[in-house]
Amino acid sequence: MFVDFFYILRESGIPVAPTSFLRLHKALALGLVNGLTDFYTAARTILVKSERYFDIYDRVFAHFFQGAELPDFKGVDLDIAAKALLDEWLKRPEELADALGLPKDKIKSMTPDELLKYFLDRLKEQTEAHHGGGRWIGTGGTSPVGHSGYHPGGMRVGGRSMSKSAIKVALDRRYKDYSLDAPLTQAQMGEALKRLRRMVPVGPKDQVNVDETIRATTKNAGEIEIVFERSLRDRLKVILMIDNGGWSMDPYIDLVQTLFNYARAQFKDVKIFYFHNTIYDFVWEDPPRRYKPQRVQDLATWDRQSRLVIIGDASMAPYELMATDGSIHIEERSGLPSIDRLNLLAQTFPHNAWLNPTPLRLWPLTRTIGAISTIFPMFELTLDGLDSAVTHMMSKN
Amino acid sequence: MRNESSSPVFTGASKYVLDEELAKIVNISIALEMPLLLKGEPGTGKTMLAHAIAESLNMELIVLNVKSSLKLVEALYQYDTLTRLNDSRFGDSQRDVSNIEEYIRMGKIGRSFAADNRVVLLIDEIDKADTDFQDDMLDVLDQMAFDIIEIDKTITTKHRPVIIITSNAKKDLSDPFLGRCNFHHIAFPDPDMMRMIINVHFPDLDNELLDMSVKTFYKLRDFQGIEKKPATRELINWVRALRADPDFRLKDLVQAKIPYLGILFKKSSDYQLAVQQSRRLR
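Residue numbers (our numbering), protein chains in the order written: chain A, 132 to 528; chain B, 402 to 683.
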């Protein structure tokens, strides 16, 4: 039963190390865990190392112990745990030996297969040992640790009462906001900002500073000492284009603007433009898209090193993208279909990314998303997506 | 199941409102002798927790404030060469110059290892240091021992300290490091919890003011586009200011005339946004 829990956690994408799992067993063996509520807390604190995974943990826990609906995770791969175990083994034999309670010499002489078998046996042993009185978590036993607050000296325990069952607590999904794959929320602003802060140009230390070299050399009594310094790079310019047309974008517009406005200080320049669904002849500097048009072809004269970030759901009728007169605005009938405009933009600014608030799994359902993602590398508007987008934009130096 | 119950039990402290879940986590970490890594927004009481543990278990608290330039060796021990040189030149001290050990000063981690009683070691904001610091610390945490190279001596813990590590998540911590810690993320307290926290700090505060100020506080936290949201610390200071002001009337808050916004919002852009949006509350 336990082994399954371990595997399901891993299959769901939580990086649970085998050593942590053994540590959880140690906690069980020490009688630190009394009941499911304790188990929920203990297992989380020992196995899960980032709040980003708390939400997945909650879902898996609820599913495993009550059969709440588990989202469809990728195919079952029982080898993952085994592989992780072996990796660990290769990296730190001492630690693994310690965790398994084997002498180091013995573990060295074991073949990978033997080791794996030993590990699984060890886990099974534990399961059986705790199967006892119909419950697999230690039932008897007084815990040496305080559970539920009681203190004669008038101490205060407050906050969320654990009178709810652990499963109910798990089903609350309190950590949804921290989950990596949820769309960006206000709560994650700080985290997202940190992702953007990585957008700084770093040159290699490849320029000889002659003055410093002479000074260092004389100080060194003639022994030559060459001083290198970073080549100067200017801060980045960012062009942000936001689709503020459809209602589907509404929740994200404010968020993204705030995000980039706060990041403004570290960029040389942030320009924000707006468009509706896709880009034709113009983008606009004002959100109502009326007063300050900017001709797209004029952007070609701008600095090629600018990072172009487009935020939009990229979902529209195919003709809006492909037809020569796809625009709903009469003044934009220059005869170029939007897809050519996008291509032009992508060529003008080779460092680009498209952020899409639509969840990744829905992308194949919309044709225009497919078409646009061949032009701009497309990322989800999540912390993870932002991460990859920033890495992508910085990598093509 | 457990034959001896020697582990101390942490139940809370006088100025700290303890979440039941967190109490369990702390106790499990103490029993397993594992460092506990705490993450969470500023103002959720990560640092306070270590103080509370020390107070409640009656242990000495040793605080290591991590700075970006900190090297692990400095946290372990320092070899005071300058004093030794001085002593050897002038020879007017009680110290024996030929004995290097007299010139070794323990750092914070070193002190917590060498202490005669079990202590609480708080490593505050570990994410500020570079990754080297974390990597170097792995071994020390693993072995609970370190070498003093100058005198060829190994310091081993007499009692494994209760180690609390906090991080504001400025940088991600490395996986091997995480593997050696228990982990908890402290969420921002909900209004009920916050009421209790304020109550602990102001036991004589009248209920109406308590309810109203907490309610207003959460409304303020919901303002759009704020970079640094007010946290517990700000709320406590704000309540203190409200109480100190003789002209303050509770009905101001009811009418959403919020005084002293500057205590809650500390960045000028945040402050201006807050002033604008608080007008809308009326």
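Treat the hints as calculated values from the structure; they're not laboratory data.
We put the CB at the ideal spot given by N, CA and C, even for glycine.
Watch out, some of these pointers could steer you wrong.
What the hints assert, rightly or not - Quick list of simulated restraints, FRET-style, between CB atoms:
(1) A:343 to B:682: 25 to 33 Å
(2) B:662 to A:429: 54 to 62 Å
(3) B:555 to A:341: 28 to 36 Å
(4) A:135 to B:661: 37 to 45 Å
(5) B:669 to A:491: 33 to 41 Å
(6) A:491 to B:608: 27 to 35 Å
(7) B:623 to A:429: 54 to 62 Å
(8) A:481 to B:597: 49 to 57 Å
(9) B:655 to A:160: 54 to 62 Å
(10) B:540 to A:417: 33 to 41 Å
Unchecked claim - Some, not all, of what chain A presents toward chain B, calculated at C-beta under 8 Å:
(11) 156
(12) 167
(13) 180
(14) 348
(15) 351
(16) 354
(17) 357
(18) 358
(19) 426
(20) 429
(21) 430
(22) 432
Said to hold, decoys possible - Cut-off 25 Å, straight-line C-alpha distance, at most; resulting in silico cross-link-like pairs (DSS-like, lysine-lysine):
(23) B:468 to A:402
(24) B:529 to B:668
(25) A:399 to B:629
(26) B:509 to B:554
(27) A:423 to A:350
(28) B:559 to A:157
(29) B:554 to B:529
(30) B:667 to B:554
(31) B:620 to B:658
(32) B:468 to B:667
(33) A:399 to B:668
(34) B:468 to B:668
(35) A:368 to A:402
(36) A:402 to B:668
(37) B:616 to B:468
Hint by hint, here is what the structure shows:
no., hint, result
1, A:343 to B:682: 25 to 33 Å, "violated, 58 Å"
2, B:662 to A:429: 54 to 62 Å, "violated, 43 Å"
3, B:555 to A:341: 28 to 36 Å, "violated, 48 Å"
4, A:135 to B:661: 37 to 45 Å, "violated, 55 Å"
5, B:669 to A:491: 33 to 41 Å, "holds, 39 Å"
6, A:491 to B:608: 27 to 35 Å, "violated, 49 Å"
7, B:623 to A:429: 54 to 62 Å, "violated, 41 Å"
8, A:481 to B:597: 49 to 57 Å, "holds, 56 Å"
9, B:655 to A:160: 54 to 62 Å, "holds, 56 Å"
10, B:540 to A:417: 33 to 41 Å, "violated, 58 Å"
11, 156, "violated, 11 Å"
12, 167, "violated, 12 Å"
13, 180, "holds, 4 Å"
14, 348, "violated, 27 Å"
15, 351, "violated, 23 Å"
16, 354, "violated, 25 Å"
17, 357, "violated, 25 Å"
18, 358, "violated, 21 Å"
19, 426, "violated, 31 Å"
20, 429, "violated, 31 Å"
21, 430, "violated, 28 Å"
22, 432, "violated, 32 Å"
23, B:468 to A:402, "violated, 36 Å"
24, B:529 to B:668, "holds, 22 Å"
25, A:399 to B:629, "holds, 23 Å"
26, B:509 to B:554, "holds, 18 Å"
27, A:423 to A:350, "violated, 60 Å"
28, B:559 to A:157, "holds, 22 Å"
29, B:554 to B:529, "violated, 30 Å"
30, B:667 to B:554, "violated, 49 Å"
31, B:620 to B:658, "holds, 13 Å"
32, B:468 to B:667, "holds, 23 Å"
33, A:399 to B:668, "holds, 22 Å"
34, B:468 to B:668, "holds, 23 Å"
35, A:368 to A:402, "holds, 8 Å"
36, A:402 to B:668, "holds, 23 Å"
37, B:616 to B:468, "violated, 36 Å"
The structure fails to meet hints 1, 2, 3, 4, 6, 7, 10, 11, 12, 14, 15, 16, 17, 18, 19, 20, 21, 22, 23, 27, 29, 30 and 37 from the earlier list, while all remaining hints are met.
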